[in-house]
Amino acid sequence: MSMGFNTIAGAINQAIAEEMRRDETVVLIGEDVASGIFGVTAGLIEEFGKERICDTPISENAIVGCAVGAAMTGMRPIVEIMFQDFLTCCMDPIVNQAAKMNYMSGGAFSVPMVVRSPGGAGIAAGPQHSQTFASWFMGVPGLKVVSPSTPADAKGLLKSAIRDNNPVIFLENKLLYFEGGELPDGPNITIPLGQADVKREGTDVTVVAVSGMVPRAVRIADELSDEGISIEVIDPRTLYPLDTKTILASVSKTGRLVTAEEGVLTCGLGAEIAALVSEQACDCLDGPIVRVGTPHVSYAYNQAMEWATIPDEQDILVAVKKAMGCE
Amino acid sequence: MKQDFKLTKKKLLGKVPALKLLKRMLLIRRLEETLGKLFADSEVKGFVHLSIGQEAVPVGICANLGDDDYITSTHRGHGHLIGKGGDPKRTMAELFGKIEGYCKGRGGSMHVADFELGVLGANGIVGAGTLLAVGSGFSAKYLKNDRVTACFFGDGASNQGMFHEAANLAAVWRLPVIFVCENNGWAEFSPQSSHQAIKNVADRAAAYGMPGVTIDGDDIEAVHAAAADVVDWVRDGRGPVLLECMTHRWQGHYAGDPQPYRDQDELAAVTQHCPIERFKKMLIKRKTINSDEFEAVATEVELEINEAVEFGRQGTDPDPRDFMSYIYAN
Numbered sequence: 000m001s002m003g004f005n006t007i008a009g010a011i012n013q014a015i016a017e018e019m020r021r022d023e024t025v026v027l028i029g030e031d032v033a034s035g036i037f038g039v040t041a042g043l044i045e046e047f048g049k050e051r052i053c054d055t056p057i058s059e060n061a062i063v064g065c066a067v068g069a070a071m072t073g074m075r076p077i078v079e080i081m082f083q084d085f086l087t088c089c090m091d092p093i094v095n096q097a098a099k100m101n102y103m104s105g106g107a108f109s110v111p112m113v114v115r116s117p118g119g120a121g122i123a124a125g126p127q128h129s130q131t132f133a134s135w136f137m138g139v140p141g142l143k144v145v146s147p148s149t150p151a152d153a154k155g156l157l158k159s160a161i162r163d164n165n166p167v168i169f170l171e172n173k174l175l176y177f178e179g180g181e182l183p184d185g186p187n188i189t190i191p192l193g194q195a196d197v198k199r200e201g202t203d204v205t206v207v208a209v210s211g212m213v214p215r216a217v218r219i220a221d222e223l224s225d226e227g228i229s230i231e232v233i234d235p236r237t238l239y240p241l242d243t244k245t246i247l248a249s250v251s252k253t254g255r256l257v258t259a260e261e262g263v264l265t266c267g268l269g270a271e272i273a274a275l276v277s278e279q280a281c282d283c284l285d286g287p288i289v290r291v292g293t294p295h296v297s298y299a300y301n302q303a304m305e306w307a308t309i310p311d312e313q314d315i316l317v318a319v320k321k322a323m324g325c326e
Numbered sequence: 000m001k002q003d004f005k006l007t008k009k010k011l012l013g014k015v016p017a018l019k020l021l022k023r024m025l026l027i028r029r030l031e032e033t034l035g036k037l038f039a040d041s042e043v044k045g046f047v048h049l050s051i052g053q054e055a056v057p058v059g060i061c062a063n064l065g066d067d068d069y070i071t072s073t074h075r076g077h078g079h080l081i082g083k084g085g086d087p088k089r090t091m092a093e094l095f096g097k098i099e100g101y102c103k104g105r106g107g108s109m110h111v112a113d114f115e116l117g118v119l120g121a122n123g124i125v126g127a128g129t130l131l132a133v134g135s136g137f138s139a140k141y142l143k144n145d146r147v148t149a150c151f152f153g154d155g156a157s158n159q160g161m162f163h164e165a166a167n168l169a170a171v172w173r174l175p176v177i178f179v180c181e182n183n184g185w186a187e188f189s190p191q192s193s194h195q196a197i198k199n200v201a202d203r204a205a206a207y208g209m210p211g212v213t214i215d216g217d218d219i220e221a222v223h224a225a226a227a228d229v230v231d232w233v234r235d236g237r238g239p240v241l242l243e244c245m246t247h248r249w250q251g252h253y254a255g256d257p258q259p260y261r262d263q264d265e266l267a268a269v270t271q272h273c274p275i276e277r278f279k280k281m282l283i284k285r286k287t288i289n290s291d292e293f294e295a296v297a298t299e300v301e302l303e304i305n306e307a308v309e310f311g312r313q314g315t316d317p318d319p320r321d322f323m324s325y326i327y328a329n
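Quick mapping for you: the protein sequence lines, in order, are chains E and D.
Numbered according to numbering that gives the first Met the number 0, the first sequence spans residues 0 to 326.
Numbered according to numbering that gives the first Met the number 0, the second sequence spans residues 0 to 329.
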């Protein structure tokens, strides 16, 4: 396999282009997707034209609702919702229509649709352009939820999401868009949904990190290895269905668990994984489960306040020490 | 040169098509009257919303659609499904919660859907079908398969933001969608005068840049003729149309609703608008049919409904342990 190098934004762009070449029922629908906010979809209009790269009015309900109806009638739409905060404007077509359609029609209609949306704080975008909603969607039966942290994962998972016959919520991170990484060449390289990836092997503490927390957790793993602490970093990549097997196997090995997410801790990914481990691997635990995430608050515009809110490497470090009982 | 949309003159129907429309209306009427009773007897559960009195709208519209064309429906959706050619047996089986039902017992009254007939589902969320219609309109235009979508919604749904977004997007993309407003004057328990400051929902069409017309929705020949004009226009790629059909809801918001909020004189007089009785009288007066021919159709319908009820009642109960199936498509 030959290897290239690209950013996550570039990887997502490639995934969309390759799948559109492969399947003419794939279209991209969203606000200003022809121009491409954050540059993610830039240039696609030149190859695919406005029939397939569809700029819409500022109407999130209509964007997703249109995609649901199109998916029910033979298309594979990719939707872009410009900021995850705006997903609140189209919860009905996502939750009541797309997610429930296959179930409530007894399998008569499926909804092969991807909703892509960037989230995350750190650019002084203020309370309504910064949030991360991954755990909301994990609780909706019928949806699959993906949140990649590397260019290779973003590309391979997005391609699988587009080929999947179910609605997939594909959550991107604004600050990660321009992180570089290796990217295998070739239009048929996909990563199956529902498989975690061990980003760093270790024996002392398991850190289950997602999205923007993954590179931070890896840096802490590097730093602590100098102190003789061996951290295993697991990126679930798909949040539903969650690869519980890989997480449980790791905790069985290390006996200690830290979770790291950018979203609010209340009813979050960490709460879910902590409950999973408590229920299924309690006897393996040698210390308390420690969660890292945003406290019960929005993100302030003031950047010092904003960064005080966002969980960072120091928070992960403190959590690891706490999990090891050496506060 | 831009051509303005105009309705052509109402055409009088001959015996064969007239009896066909009468039969479809009667099927809806008798299916729903029977459902009302089954619900009162607790054989049918949950929420059931009856469209008795509104039968001319789905029947007149769907008579102009092919099996390949799409419809989106509402919580008051049995008439739309049967109007599109849906099977009373599978409808009843669904209402009884059986495996033979349209949704294998997982949907019930508010979600009946038929893939083969392009029925994209009744919908428990008021106004949500308008967005799905934009989607099927989008796919038809993109795939160039010449299909149109008839999107049924009510005066109540016309106040949802979803309707506004759907109508605007359908117009700006010139999608083959017919927005069929069944204006029955009621949004659940609220009269139209308390929920919008206009009398005709069609007035809103101009704001989206699409034609809007209002017709007597209890006159099946008027609906049938208008639908023919609108379907031609939309199939021709000239963009969406809002066709408002003024009609009457005889029953409450849901089966069993005692309607204390309704003027009792208005309610008592509502049956004078009966689309079936009006059409029957007209046809007999015109000597298009005689009363024996009407009775023959009514008898056929009676048999079909009785058969459907028995089919539903005798259907197979799903294994309760199977409740986790169909969450995801393969």
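Hint data in this document are derived by calculation from the structure and do not stem from the laboratory.
Among these hints, one or two may not hold up.
Cβ-to-Cβ under 7 Å is the rule here; a few derived chain D residues that face chain E [unchecked claim]:
1) His110
2) Ser135
3) Ala165
4) Ala328
Computed footprint of chain D on chain E, listed as stretches where at least three residues anywhere in the stretch have a Cβ under 8 Å from a Cβ of chain D [to be verified]:
5) 116-123
6) 185-199
The list that follows gives simulated cross-link-like pairs (lysine-lysine, DSBU-like), each with its CA atoms no further than 35 Å apart [claimed, not checked]:
7) E/Lys252 - E/Lys198
8) D/Lys97 - D/Lys44
9) D/Lys5 - E/Lys49
10) E/Lys49 - D/Lys10
11) D/Lys19 - D/Lys286
12) D/Lys5 - D/Lys22
13) D/Lys143 - E/Lys49
14) D/Lys10 - D/Lys97
15) D/Lys9 - D/Lys22
Keep in mind it's a predicted model, so treat the numbers as computed, not measured.
Note that CB positions come from ideal geometry on N, CA and C, so glycine has one too.
Quiz item: Are there hints from earlier that the structure breaks, and if so, what are their numbers?
Solution: 5, 6, 10 and 14
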